[in-house]
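Colleague: Letter by letter, the chains look like this.
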Amino acid sequence: MRKWLLIIAGVLLPAHIASVDAAQSWNVTGEEEARFDAKVVDVLCELTGDCPADCGAGRRQLGLLDDDGTLILATKNFAPFAGATDELIEFCQQRVTVDGLFTSNRGARIFAVQFVRPEGGDWRRTNRFLNKWAETNGVDPAGKAKNTWFKRDPRVKEIIERDGFLGLGPEEDKKFLADY
Amino acid sequence: MRATMLLASASLAAWIFGASSAVAAGQRIQLTGELVDTWCYISEIMGGSEAVLGSAHHQCAVWCAAGGIPVGLLSEAGDLYMVLKLGGDDTSNANPRILEIQSSQVTVDGELHERDGIRYLLIDEILNNDGIVNRSHEDFGVIPAFGVPQQ
Chain E
-3 MRKWLLIIAG VLLPAHIASV DAAQSWNVTG EEEARFDAKV VDVLCELTGD CPADCGAGRR
57 QLGLLDDDGT LILATKNFAP FAGATDELIE FCQQRVTVDG LFTSNRGARI FAVQFVRPEG
117 GDWRRTNRFL NKWAETNGVD PAGKAKNTWF KRDPRVKEII ERDGFLGLGP EEDKKFLADY
Chain A
779 MRATMLLASA SLAAWIFGAS SAVAAGQRIQ LTGELVDTWC YISEIMGGSE AVLGSAHHQC
839 AVWCAAGGIP VGLLSEAGDL YMVLKLGGDD TSNANPRILE IQSSQVTVDG ELHERDGIRY
899 LLIDEILNND GIVNRSHEDF GVIPAFGVPQ Q
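Chains as they are written, first to last, in my numbering: chain E, -3 to 176; chain A, 779 to 929.
Keep in mind the hints are simulated off the structure, nothing from the lab. Incorrect hints may have been included.
As the list claims (entries may be wrong) - With the C-beta cut set under 8 Å, the calculated list includes, among others, these residues of chain A facing chain E: (1) 817; (2) 820; (3) 821; (4) 846; (5) 870; (6) 871; (7) 874; (8) 881; (9) 884; (10) 894; (11) 902; (12) 905; (13) 915; (14) 918.
Stated by the list, open to error - Just so you have them, the derived chain E footprint on chain A, three or more residues with Cβ under 8 Å: (15) 806 to 812; (16) 828 to 842; (17) 847 to 860.
Beta carbons are placed, not taken as given, at the ideal position from N, Cα and C, and that holds for glycine.
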């Protein structure tokens, strides 16, 4: 919980306060700060040879193919509760430099992309998801509401209203809250 | 000329075999397990992995799936598989169908690929869905706690 509050606070910090190009610790398991060059790839394509030219146009999970040929799953961005596809899709099949955190546990090693820099370009924080979500959902991209997108998202609200936050039905939620 | 042709043939063969070495045939597999939020499970950013499964973490798992974090299948053997496809649909970034069944215990038939320490699963068919059977809120409450609605 404390860690998540730190992360959310980090997202809400004005850009000029937080460093814009260096990995920030989230105290995750097996954490390693890392900066490396890689090609942005469509993971399904790398595994199966099913390769749309646009890396799936944002539908698919994206990976980072490093110079050793290791395929790294880009799992997380800098925004709360959001993945990396929306941050990387415009760089499909292009080389970028990424900065962020590896987390390793139970044999799996995945990467949180906190910052990305295209070749010849500038560093940017990986929170484009928030503006995209705001635009898709008619929310002011300049406002703060987008930072709590996960509580406002219509897809999420529909599921939680129907199934409850426990997923076991509204009656189970009521029982839980009565004892809370 | 002959040497040039041999060299060209060798280059072509190297290109073909080099390209094909990166794409391996998948292995047919049937698995039973829980659909989980892979980021919270691996990173343990909210606490131990056991706390971010089942009903305790269902709401957050839906948030993360909607945000495009990969959904995984945690098998009964404790192995984690990243889901990249469901029933012919290659949407693995916030797939609405996966959102609907997040945290459920399912039995699936699909194709397994492994690369660089990660297991990837292309689900062809969900053979059974028992819904959410892990009542982890009884042990852990709601994770994260700020997900509990204010009364």
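Colleague: What hints, given by number in increasing order, does this structure fail?
Modeller: 9, 11, 12, 14 and 15
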